[in-house]
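Sequence order for the protein chains is A and B.
Quick note: the first sequence, position 65, residue 65 per full-length UniProt numbering, numbers continuous.
Quick note: the second sequence, position 123, residue 123 per full-length UniProt numbering, numbers continuous.
Worth flagging that the hints you see were computed from the coordinates, not collected in a lab.
Think of the CB as a built atom: it goes at the ideal place given N, C-alpha and C, for glycine as much as any other residue.
Errors might be hidden in some of the hints.
To be verified - Computed far set for chain B versus chain A, every beta-carbon distance over 12 angstroms:
#, residue
1, Ala26
2, Glu31
3, Asp53
4, Val72
5, Leu73
6, Glu92
7, Ser96
8, Arg101
9, Leu104
10, Ala115
What the hints assert, rightly or not - Computed footprint of chain A on chain B; a stretch qualifies when at least three of its residues, placed anywhere within it, have a C-beta under 8 angstroms from a C-beta of chain A:
#, stretch
11, 37-45
12, 57-63
Unchecked claim - Cβ-to-Cβ under 7 angstroms is the rule here; a few derived chain A residues that face chain B:
#, residue
13, Asp18
14, Lys44
15, Ser50
16, Ala95
17, Met96
18, Asp98
19, Leu108
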Amino acid sequence: MTTGVDLGQPQAQSVRSDEDVVRVRQLVRAVAVSVKLSLVDQTKVVTAASELARNTLVYGGGGSVEVTVVDNGRRKGVQIVFADSGPGIADLDLAMTDGYTSGGGLGLGLSGSRRLVDEFQIETSAGTGTRITVTKWSR
Amino acid sequence: MERVPILKIGDILLVSIQLDMSDQTAVALQEDLAQRIVDTGCHGVIIDITALDIVDSFVGRMLSTIASISKVLDAETVVVGMRPAVAITLVELGLSLNGIRTALNVERGMELIAAAHADELDYQLDDEPDAETATP
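Let the hints inform the model, and build the full structure from the sequences given.
Laid out in C-alpha cells, this is it:
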C-alpha cells in the first residue's frame, strides 16, 4: 500500500490475475485495521475476501472489487463488493452448499465465506454476471 | 512469480512461508518440495506458517496435498506455527485439513518427525527374521 491513501474513501481493485487476489487481501486488511476490527474478525474478513476474489477470477473470468468503510451510527465496518460479468451462477442454492464445486476447488468458497462475515448478499443472472456484497462490523 | 525457499536441516526440509503467496506460488511450492524430497531423501518436512495472516481454502488444500505427496515419497509433513485467529477462521470456513499433522512450533515439529521416523525404523527391524533365535 502506498502511503497517503485515504482508506475512508472507496478503494477499487481490478481482479485479473493471481497477484490481484493478493492485492485484494492486502487492501481489505488495511481497511479492516483502519475501522479497528479485532484480529480474529480481520482474519475472517480477509479470508472471505480471498475466497470471493478468487471466485471472481476463476469462475467470473475476472472483474473488480470495491472496498468501502461503512458506518451505521453505532459501529463501523468494512463492506466489499465483488463484481464480474461472467456466466453467472445457474443454481444458487446448490452453489451455496458446502462441498459443491463446479470447478476443481473444495466447494467452500461461497458457503464458507458467508459464515465468516456478518452480511452476505448475492445477485446473479446469466446475462449480467455475479455481484456479491459482504459486510463485517466491528464489535 | 516469487518462490518460497526450502532449507535442508539434517534429515528435515524446512519451509518457512514468509510472503503472502499467490496461488501460482503455492502450486510451485508443492512441486519444488516433491522434487527436493526425492533429491535429498529427507524423511521429514516442516512447514512453518507463523508469518501467514490467513489460510484460505486454496492454501489449506495445498497443505493437504503436500502432506499426501510427501507421505507417498516416504516423508512425514508437520505444519507448525498456526496463529490462533487463523485456526478459528479455518474451522469456521469448514476446512478440516485432512491428514495434516500439526505442532505448535518448529522444535515440537522436529520431535514429532524424529519420533515418527524412529517408530518406522523399529517396525522395519521387527520385520526382519530374528537373528538371535534363528541361530542355535
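We went through each hint and held it up to the structure:
1. Ala26: 9 angstroms, violated
2. Glu31: Nearest chain A Cβ is 16 angstroms from B:Glu31, so the label holds.
3. Asp53: Check fails; 7 angstroms does not lie beyond 12 angstroms.
4. Val72: 20 angstroms, holds
5. Leu73: 23 angstroms, holds
6. Glu92: Check fails; 5 angstroms does not lie beyond 12 angstroms.
7. Ser96: At about 10 angstroms from chain A, B:Ser96 fails to clear the 12 angstroms cut-off, so the statement is violated.
8. Arg101: Fine: 20 angstroms to the nearest Cβ keeps B:Arg101 off the interface.
9. Leu104: 18 angstroms, holds
10. Ala115: Check passes; 31 angstroms lies beyond 12 angstroms.
11. 37-45: violated (count 0)
12. 57-63: holds (count 4)
13. Asp18: 4 angstroms, holds
14. Lys44: Given a least distance of 5 angstroms, the restraint on A:Lys44 holds.
15. Ser50: With Cβ-Cβ at 4 angstroms, under 7 angstroms, it holds.
16. Ala95: 15 angstroms, violated
17. Met96: At about 12 angstroms, which exceeds the 7 angstroms cut-off, the nearest Cβ of chain B leaves the hint on A:Met96 violated.
18. Asp98: 6 angstroms, holds
19. Leu108: Because about 5 angstroms separates A:Leu108 from the closest Cβ in chain B, which is inside the 7 angstroms limit, the hint holds.
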